[in-house]
Amino acid sequence: MPGVFSTRPIKSSTSNSLLRQQFSLRNSKLARAAWKMLAPGEKSTADQAPASEPDDYKNAVVAAATTTSPKPLSDGTAKPRSPKDFIFVRSVGEGSFSSVFAGVEIATNRECAIKVCEKQLIRRERKVPYVMREKDAMTILNHHPHPFVVRLFCTFQDEGRLYFVMSFAQNGELLSWLKKLGSFEEAVARFYTAEILVALGHLHKVGIIHRDLKPENVLLTSSMHILVSDFGSAKILYPGLIPNRPTPLLEPQTKRASFVGTAQYVSPEVLSSKEATCSCDYWALGCMLYQMLSGLPPFRAPNEYLIFQKITKLDYSFPEGFNEVAMELVKKLLVLEPAERLGSEEQGGPDRIKEHPFFAGIPWDSLPTETPPQILPYLPGVATPQAGFPENFRHLEPGFDDKQLTRLLGLELGGTSEVNGAGVGGTAVGDSRDTMKKRLEEQRKNNPYHSIVEGHLIIKSGYLEKRKGLFARKRMFLLTEGPHLYYVEPSSMELKGQIPWTKELRPEAKNFKIFFVYTPNRTYYLEDLTGHALDWCRTIEQVHQKYFAAKISSP
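Residue numbers (full-length UniProt numbering): 1 to 555.
I should point out that these hints are in silico values taken from the structure, not numbers from a laboratory.
Careful, some of the hints might be misleading.
[Claimed, not checked] The calculated EDC-like cross-link candidates involving lysine to aspartate or glutamate, where the alpha carbons are at most 20 angstroms apart (straight line), are:
1. K354 x E324
2. K468 x D528
3. K274 x D212
4. K466 x E489
5. K180 x E504
6. K403 x E118
7. K180 x E527
8. K205 x D230
9. K180 x E216
10. K468 x E269
11. K546 x E504
12. K331 x E355
13. K274 x E337
14. K119 x D136
15. K510 x D528
16. K331 x D351
Please model the complete structure; the sequences and the hints are all you need to start from.
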């Protein structure tokens, strides 16, 4: 529809370079015509196309500069889709204006991810440009698919919602694996950095800068290969390659935020409102490689403003034990000047990154068919995939009406962890009620942590090193009735969190100092410098038995 999606002249040198790649036969009459229509701002020394062949030139432009609309999942017909054509199985994620569901198309039995966007929330959150950019980028990618990029199968809408039906990544976000494991082995980090690099090369080749690359936007398929997703912040270098859109999803908004991306991964040139080039994605790649090997992003601070200050000053450091070859690569990617950054057009493009010694042995041409290394670093027994489709999902009704929303909400609540052994007895391990009362009263008077543990009786406490990847932080751990296992920053007396209790929780001593606490979504790596790891494991196990033995033994 005219006026809904604008096409702008291409002005940047990066854009023109990419267009030259796209139209390699520029000296031919047809390609010259396509070039002039797509890049009217650039003067050409080529002869003007003869007026007698306008249809040929038009066909050349259409063939080179448009894409087909997303194909439906089933038989290739143009039948409109509706929620009734899909079974919404379970929720897999949500944002400020959208939710993502694992689903199945009834006609083809194909698994898919269905992103449901609330129109009212999109307008209220001023996310119309975000939604339009994502659809534009994915439409281009639908015509130029790649095994490492999410595929858009179809879109449809009803009165209140937009629906995007996309590739389903059964093993969830790369971020969830990092959270669970802390950090990756070198071989794992190398493999996934290589796949992300290949995906970026493809995106840039078709004129898309992601601008929000982060572990949360890299998904893992059932075969543990990557899918780069979420193109709402993308920059499309030559909008002339976007096909005609017969129906607008939403009315456009002219205003847009000047900052796009996520604080920890945003490049310094974007922060200073300079033009974003492909180089900004390689900055984010450097941040991700750092995080995969160390466990945390390189730029960390209590708030976004301080993070931005660190980025603009290039204020970061490497933890002890960081791989030296990878360190050299990260330093070449985290460069303030985009033109001096490895991977930039001025530095030879992404092929220069591939030549770095860190990637020695990577089979670039066959990556999509290679078997990924197993994601099992020094934390064994935790890399279990996210739950797939339940065996009995076939009995579920299709659609996305109120009845199905209620069911999905119920499924989501039912899938959460059991909370703190609610309803189970409340005395400390091995203590009588009278003894417990006396200890609790003494704790209330004398223990500075009493208010932090919310009045629960402390069974065991002590300083432990809480590790995440290569980083360690000293914390006061407080095991209490309830049960609870709090950890506190001792100097500020700030509660930093709790280890969640479920029937699956399991402690395991590795030696006299190091022990792990396994939970369904994360493994906690703890170190007692006094050498009492066995005591911690024994006490945690006793508390677990007290509160969860009945649940474990019941059918």
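We went through each hint and held it up to the structure:
1. Among the hinted pairs, K354 with E324 is consistent with the structure: their alpha-carbon atoms are about 17 angstroms apart, no more than 20 angstroms.
2. Only pairs whose Cα atoms come within 20 angstroms are accepted, and K468 paired with D528 is accepted, the gap being roughly 15 angstroms.
3. At roughly 16 angstroms between alpha-carbon atoms, K274 and D212 fall within 20 angstroms of each other, so this suggested pair holds.
4. With a CA separation close to 11 angstroms, the supplied pair K466 and E489 stays within the 20 angstroms bound.
5. Pair hint K180 plus E504 holds up; C-alpha atoms about 15 angstroms apart against a cutoff of 20 angstroms.
6. Pair hint K403 plus E118 holds up; C-alpha atoms about 17 angstroms apart against a cutoff of 20 angstroms.
7. A threshold of 20 angstroms between alpha carbons decides the hint, and for K180 with E527 the separation of about 17 angstroms falls inside it, so the pair holds.
8. Of the pairs offered as hints, the one joining K205 and D230 holds, with about 18 angstroms between alpha carbons and a cut-off of 20 angstroms not exceeded.
9. Of the supplied pair hints, the one linking K180 and E216 holds, its CA atoms being roughly 13 angstroms apart against a limit of 20 angstroms.
10. Of the pairs offered as hints, the one joining K468 and E269 is violated, with about 30 angstroms between alpha carbons and a cut-off of 20 angstroms exceeded.
11. Restraint check for K546 and E504: satisfied, since their Cα atoms lie roughly 14 angstroms apart, inside the 20 angstroms limit.
12. Restraint check for K331 and E355: satisfied, since their Cα atoms lie roughly 15 angstroms apart, inside the 20 angstroms limit.
13. Note on K274 and E337: the hinted pairing holds, with a Cα-Cα distance of about 11 angstroms set against a maximum of 20 angstroms.
14. For a cut-off of 20 angstroms, the pair hint linking K119 to D136 stands: about 18 angstroms separates their Cα positions.
15. With a CA separation close to 11 angstroms, the supplied pair K510 and D528 stays within the 20 angstroms bound.
16. Restraint check: the Cα-Cα separation between K331 and D351 comes to about 17 angstroms, which is no more than 20 angstroms; the hinted pair holds.
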